[in-house]
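Enquirer: These are the residues of each chain, in order.
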Amino acid sequence: MEKKEIIQAVVVADNFSECFKPFTTFNSPALLPLVNVPMISYVLETLNRNSVEEVWIVSSTFPEKVREFIKRGIEEHLTWSVGMNVQVIACEVRSLGDAMRELDGKGMIRGDFILMNFDTITNAKLIPSILKAHKDNCKRDKETAMTVVYNKISSGQRTGNEVVIATNKRTKRLLFHQRIHPTNKEEKFKFPLEIFLDNKEVSLHHDLIDPQIAICSTSALPLFSDNFDYDTRDQFIRGIVMDQELQAASIYVEQLPIDQYAAKVSDWIAYHTISQDIMNRWVYPLVPDMGVCALKQQYLFLKNNIYRNNSVKVARNCSIKNDVVLHENVNIGDESLLARCVLGKNCIVGKNCTIRNAYIFDNTKISDNCKLENCIIGASVLINEDCTIKNGTVITNDCIIMKKEEHSGSLIQSKIPDDDDYLQDSFEKLNDKAYKYIENRESTRNDSEDDLDDQEDDDNDAEVYIKLIPKVPNYESSAYSSETDSDDDENDVGVAQEDSIIFLTEVIDSLKRGFDEKSNPDFLILEINSSRYAYNIQLNEVNFFVIKACFNLPVVLDHADALEGFKQVYNYLGDKVIKNYIKGDGAMVDCLNAIVECCEESEKLKPKLMKTLHFLYNEDILTEDIIISWYEDIDKNWVKVALNKFITWLQQESESDSE
Amino acid sequence: MEFQAVIFAAGIGTRFRDIVASRPKCLLPVGSFPLIFYPLNFCSKYGFEEVIIIVLESQKTEIAQRVSKLPLKMKYDFVCLNQEEDYGTADALRLVADRIKTDVLLISCDTITDVDFYPLLNLFRTNDASCVALFDSGSEENSNNIVVPGVKAKHKAERDLVGIDSKNNRLLFLASTTDFQDNFSLPAHLLRSFGEVDIYSNLTDAHMYLIKHWVINYISKSEKFSTIKGELLPFIIKKQLSKPPAAVTNRGLNISEVNFDTNDIFDHIERAELEKRIQETNLSPKSYSKKSKNSEMIKCFAYVAPQNSFCMRINTILNYCIINKKIASLLTDFNLPLISKNATIKSTQITDCCVAENCTIAEKTSIKNTIFGIGCHIEQRTRINDSILMSNVNVEEGVKLENCIICDKATIKMGSTLKNCLVGHNFIVTENTIKERVHLTGEGFMEI
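Same order as they appear, the protein sequences are chains Z and D. Okay, so the first sequence: first residue is 1 according to UniProt numbering, each after it adds one. Okay, so the second sequence: first residue is 1 according to UniProt numbering, each after it adds one.
Hints listed in this document are in silico derivations from the structure and should not be mistaken for laboratory results. Quantities reported herein were computed from a predicted structural model and do not represent experimental measurements. The reader is advised that the hints may include incorrect statements.
Stated by the list, open to error - Some chain Z residues near chain D, calculated using beta-carbon distances under 10 Å:
1. Thr183
2. Lys185
3. Leu197
4. Cys318
5. Leu337
To be verified - Using 25 Å as the maximum straight-line C-alpha spacing, the simulated DMTMM-like pairs for lysine to aspartate or glutamate come out as follows:
6. Lys152(Z) x Asp277(Z)
7. Lys101(D) x Glu84(D)
8. Lys101(D) x Glu158(D)
9. Lys229(D) x Glu194(Z)
10. Lys512(Z) x Asp558(Z)
11. Lys239(D) x Glu187(Z)
12. Lys200(Z) x Asp114(D)
13. Lys579(Z) x Asp509(Z)
14. Lys185(Z) x Asp182(D)
15. Lys636(Z) x Asp575(Z)
16. Lys190(Z) x Glu223(D)
17. Lys152(Z) x Glu57(D)
18. Lys190(Z) x Glu357(D)
19. Lys169(Z) x Asp98(D)
20. Lys169(Z) x Glu396(D)
21. Lys69(D) x Glu357(D)
22. Lys390(Z) x Glu405(Z)
23. Lys167(D) x Asp516(Z)
24. Lys169(Z) x Glu49(D)
25. Lys409(D) x Glu396(D)
26. Lys185(Z) x Asp205(D)
27. Lys188(Z) x Glu357(D)
28. Lys169(Z) x Asp198(D)
29. Lys419(D) x Glu431(D)
30. Lys238(D) x Glu194(Z)
31. Lys224(D) x Asp182(D)
32. Lys188(Z) x Asp160(D)
33. Lys190(Z) x Asp165(D)
34. Lys167(D) x Asp205(D)
35. Lys172(Z) x Asp198(D)
36. Lys576(Z) x Asp516(Z)
37. Lys608(Z) x Asp575(Z)
38. Lys229(D) x Glu357(D)
39. Lys229(D) x Asp77(D)
40. Lys611(Z) x Asp558(Z)
Here a beta-carbon is modelled for each residue, glycine too, at the ideal position from N, C-alpha and C.
Required output: the full structure, derived from the provided sequences and hints.
Expert: As structure tokens, this is what we get:
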């Protein structure tokens with residue numbers, strides 16, 4: 001008897017970005033409520049409706065909370081748990097690529113599987129039509145690695161999820177892939193001429209978004225394992241599409257039918273639009289009154305898209321306009337006005353409040369005469385009387401906002417994240433339970449505002465538009481450190497362990513060979529990355545060792561003037577290799593520490609410390625802020641002395657700049 | 001009269017001079033007729049009663065004479081181009097602009113097709129198109145397995161990139177692959193406005209266009225175009241998405257200030273009063289959006305010949321060979337005779353051949369898939385397969401020809417055997433010559 005094939009799915013419960021910070025500092029992004037339901041429920045629900053039988057959730061931020069949620073869901077027989085086996089894999093990964101490599105190592109995937117992210121909200125019917133299309137692709141082309149599913153949109157939308165692709169019109173094989181930058185307006189799109197010469201009929205699409213749904217063959221996982229540099233889905237797709245000969249793998253494209261919805265909650269703006277889409281029933285059957293997650297009916301569906309729990313108490317003379325979700329025990333006072341908003345359990349709204357385009361999580365109390373527009377308010381927040389909160393303000397759990405405060409476009413947390421010491425200064429204390437994040441972001445701010453204006457011109461829904469803070473408040477020490485923090489609390493990069501010594505010699509060898517043979521720097525990065533995995537080196541250590549290796553190349557050591565030697569190395573490796581590793585504030589600190597250590601090891605280099613830093617500063621590898629703050633923290637006397645002049649100069653520079 | 005027809009017959013066949021030589025290209029024998037017969041036949045089939053034919057002055061008499069003998073009932077209006085000057089197709093069109101009073105069908109004399117004209121016409125009529133061009137997708141499949149006589153060099157096709165909106169056949173882009181180096185770049189606004197664009201590299205322009213009258217007016221005023229396909233068509237396609245200059249709308253106000261030397265394409269668009277009114281009063285939200293407002297003014301469409309039809313331009317030796325292999329079935333479809341009435345054929349083994357007037361084919365010959373031009377003389381005991389013999393060719397006793405092209409007035413002497421050869425004009429192949437894959441011309445044996 002032939003064994004029936006089980007349909008498997010993998011859900012990645014992290015978005016590897018900081019867009020939902022600071023909510024993600026105390027909870028998994030997958031559990032962020034979207035219309036009062038943890039976001040991952042939508043994906044689970046969708047998979048269940050697609051008769052998936054086995055789901056693997058890969059989680060790295062707060063996996064225990066995800067596991068707890070799944071466990072409770074199964075105990076309570078939530079709708080998605082029926083007939084579907086859900087397992088959580090907790091592992092420390094910092095990218096989708098890592099997650100896939102982890103899965104490949106575990107060897108639990110036996111056949112084609114659906115790959116989705118927790119933040120994809122869709123009612124797509126993947127089975128049978130799209131799965132069948134994938135199987136047909138596999139049958140025709142043994143090298144099929146993935147069938148990606150895109151969704152058609154009306155043109156002109158820019159959320160950062162739009163793609164420009166070229167496919168073979170007949171086979172739908174993906175030939176070109178480019179993500180559209182959310183703020184740029186391109187003059188021209190460039191495609192390699194080959195694809196038109198090799199394929200007689202090519203379709204170019206500019207009307208698709210990538211909701212991050214894919215059907216993968218078993219061959220997709222080893223591809224991730226073989227290529228350490230594939231971190232994101234885009235890198236994977238581009239890697240395969242751009243060097244088809246190299247990889248012997250191919251990707252195909254399917255489009256969802258026009259009546260099916262799919263979108264990715266990629267940031268707060270998308271969060272807003274998708275919440276509205278859910279309330280407007282575009283994602284039917286995933287709508288509040290159908291009980292996503294829970295088996296009982298939680299809401300009554302009233303006209304103007306008002307969803308109301310039975311226990312809600314609404315004062316007689318308040319006005320509830322349209323697109324409103326009110327969860328259990330919500331209490332709304334006299335003369336309040338609500339439109340396009342979501343209120344979680346036990347929320348209390350006082351008298352004469354106006355709430356528009358706002359998302360308020362459980363147990364929050366809003367006192368009288370408050371005005372809330374275009375904002376996200378976390379759980380258990382207390383907002384006292386007469387406050388105005390607007391323009392994309394995000395307030396996280398447990399904050400208290402005092403009377404008559406006004407917040408516009410700010411980020412407020414109940415406490416300062418304790419992992420970033422040197423960033424203490426970027427928070428302004430409002431009270432014991434409210435710290436406002438301050439950012440030097442004039443430039444980025446202006447850019448994004450200009451862009452928002454453009455968008456407002458384009459769609460007439462300007463009022464709906466939430467103006468939100470820039471997506472990445474850059475107070476992380478480096479892009480990857482949040483996952484690796486636990487391992488390097490003391491920043492113990494100076495302690496060379498055995499593995500790291502071998503790693504360092506490997507890197508020196510790679511760079512030396514690369515430098516002598518002038519080979520492609522991209523390959524050097526690959527080599528370094530693969531040694532990194534072989535010796536299990538943390539990212540900040542990689543940064544450290546790469547810089548150290550640069551100074552330990554024979555060219556530098558043998559040169560009479562060590563800095564001149566380094567400049568030669570930099571000319572060749574700088575743009576590709578060094579810039580690849582030294583990006584972000586944490587990486588710069590790693591770089592500085594590495595240089596200091598090199599100086600300590602080499603008497604020749606030691607007098608050149610200042611000049612070296614100056615050179616790297618001029619090359620934009622290091623920024624003045626980081627050098628200055630690093631200088632203030634350092635406790636080595638000789639460094640203080642050697643750099644004194646340079647730092648003074650830098651400070652003057654920055655002062656004159658700001659004037 | 002809704003349409004006038006113009007046939008371009010002044011080409012000199014630069015791509016295959018070897019076989020065209022001194023004769024007018026449009027008189028090259030294809031099947032039992034000259035090349036120009038086929039576009040004329042197309043016009044006649046769809047009810048045109050009068051055709052403007054553009055010819056070179058020196059060739060006019062010869063062409064007129066030949067055309068008048070064709071079994072078609074149409075009125076021909078010959079327009080002569082001065083031999084000395086180098087005319088492009090758009091230049092030629094400018095010369096006949098004053099004779100054109102309506103929308104116009106332009107066909108090159110080397111286009112042979114059995115495409116149904118009506119879908120093309122419907123595209124033009126229903127969309128109020130400025131221009132509809134016919135494209136053919138099948139030429140590459142045809143060219144497989146064909147050995148071009150005499151030429152050893154590999155045939156390298158000129159390929160175009162044609163961009164068509166997948167939803168409504170809008171022609172959005174036209175360029176040659178040679179215009180690009182490594183990257184093909186497409187204006188971003190094109191993709192933004194249309195969402196999905198199909199780029200074809202297998203289509204060839206069949207040189208059959210339906211064009212609005214105002215376009216003719218425009219080129220008659222504008223000297224900057226020399227060819228239709230190379231310059232005019234890409235220009236119009238590009239203009240589809242651009243805005244009319246502001247001066248057009250303001251003209252009534254400041255007529256003295258408008259500079260009339262700038263011959264803008266938008267000044268020439270003829271639109272009926274009713275259409276303007278419809279446009280103005282249209283309440284559909286689409287007409288208000290920025291994109292569609294302008295694109296309504298100039299619209300180009302592409303009609304891709306369906307797979308089951310035949311469409312080809314005879315401008316290379318390769319295509320000339322292909323068409324002659326297919327012509328027998330094509331002529332049958334057109335209900336035209338393969339063998340002329342006053343040919344003298346004594347052979348009993350003659351299959352799938354076209355024989356023009358005044359040919360004599362002796363008995364005891366075996367002939368297959370071969371085209372005979374006017375006045376060929378074939379003697380006994382010859383065997384001819386898959387070949388093309390132009391006019392007045394003499395083939396003597398015992399000759400064997402396989403896949404050869406024999407040009408005008410050439411003579412193949414007794415006992416010769418030629419395979420895959422091209423024999424030039426007036427050339428005499430000496431007795432018992434045995435050759436394969438060579439080009440034989442007046443300058444003696446010349447290998448290419």
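Enquirer: Indicate, hint by hint, whether the structure satisfies it.
Expert: Hints, verified against the model:
1. Thr183: Thr183(Z) check fails; min Cβ-Cβ to chain D is 14 Å, beyond 10 Å.
2. Lys185: 7 Å, holds
3. Leu197: Hint holds; Leu197(Z) Cβ to chain D Cβ min 6 Å, cut 10 Å.
4. Cys318: 35 Å, violated
5. Leu337: 30 Å, violated
6. Lys152(Z) x Asp277(Z): Roughly 15 Å separates the two Cα atoms, so the pair holds.
7. Lys101(D) x Glu84(D): Violated: Lys101(D) and Glu84(D) sit about 28 Å apart, past 25 Å.
8. Lys101(D) x Glu158(D): 35 Å, violated
9. Lys229(D) x Glu194(Z): 24 Å, holds
10. Lys512(Z) x Asp558(Z): Distance of about 13 Å is within 25 Å: holds.
11. Lys239(D) x Glu187(Z): Holds: Lys239(D) and Glu187(Z) sit about 17 Å apart, inside 25 Å.
12. Lys200(Z) x Asp114(D): Answer holds: Lys200(Z) to Asp114(D) is near 23 Å, not above 25 Å.
13. Lys579(Z) x Asp509(Z): Given that 25 Å is the threshold and the Cα spacing comes to 19 Å, the pair holds.
14. Lys185(Z) x Asp182(D): 23 Å, holds
15. Lys636(Z) x Asp575(Z): Violated - the C-alpha atoms of Asp575(Z) and Lys636(Z) are around 30 Å apart, more than 25 Å.
16. Lys190(Z) x Glu223(D): Roughly 32 Å between the alpha carbons, so the hint for Lys190(Z) and Glu223(D) is violated.
17. Lys152(Z) x Glu57(D): Violated - the C-alpha atoms of Glu57(D) and Lys152(Z) are around 57 Å apart, more than 25 Å.
18. Lys190(Z) x Glu357(D): Between Lys190(Z) and Glu357(D) the Cα gap is close to 56 Å, so the pair fails against 25 Å, i.e. violated.
19. Lys169(Z) x Asp98(D): At roughly 44 Å apart (the allowed maximum being 25 Å), Asp98(D) and Lys169(Z) break the hint.
20. Lys169(Z) x Glu396(D): Status violated; Cα separation ~54 Å.
21. Lys69(D) x Glu357(D): Holds. Lys69(D) to Glu357(D) sits at ~11 Å (cutoff 25 Å).
22. Lys390(Z) x Glu405(Z): Given pair Lys390(Z), Glu405(Z) holds - Cα atoms ~11 Å apart, limit 25 Å.
23. Lys167(D) x Asp516(Z): With a Cα-Cα distance of about 55 Å, the restraint between Lys167(D) and Asp516(Z) is violated, given a limit of 25 Å.
24. Lys169(Z) x Glu49(D): It is violated: about 41 Å lies between the C-alpha atoms, which goes past 25 Å.
25. Lys409(D) x Glu396(D): Holds: Lys409(D) and Glu396(D) sit about 13 Å apart, inside 25 Å.
26. Lys185(Z) x Asp205(D): At roughly 33 Å apart (the allowed maximum being 25 Å), Asp205(D) and Lys185(Z) break the hint.
27. Lys188(Z) x Glu357(D): 58 Å, violated
28. Lys169(Z) x Asp198(D): 8 Å, holds
29. Lys419(D) x Glu431(D): Satisfied, since the Cα-Cα distance of roughly 15 Å is no more than 25 Å.
30. Lys238(D) x Glu194(Z): 24 Å, holds
31. Lys224(D) x Asp182(D): 29 Å, violated
32. Lys188(Z) x Asp160(D): 19 Å, holds
33. Lys190(Z) x Asp165(D): Within the cut-off at roughly 18 Å; holds.
34. Lys167(D) x Asp205(D): 20 Å, holds
35. Lys172(Z) x Asp198(D): 12 Å, holds
36. Lys576(Z) x Asp516(Z): Satisfied, since the Cα-Cα distance of roughly 16 Å is no more than 25 Å.
37. Lys608(Z) x Asp575(Z): 22 Å, holds
38. Lys229(D) x Glu357(D): 36 Å, violated
39. Lys229(D) x Asp77(D): 24 Å, holds
40. Lys611(Z) x Asp558(Z): 18 Å, holds
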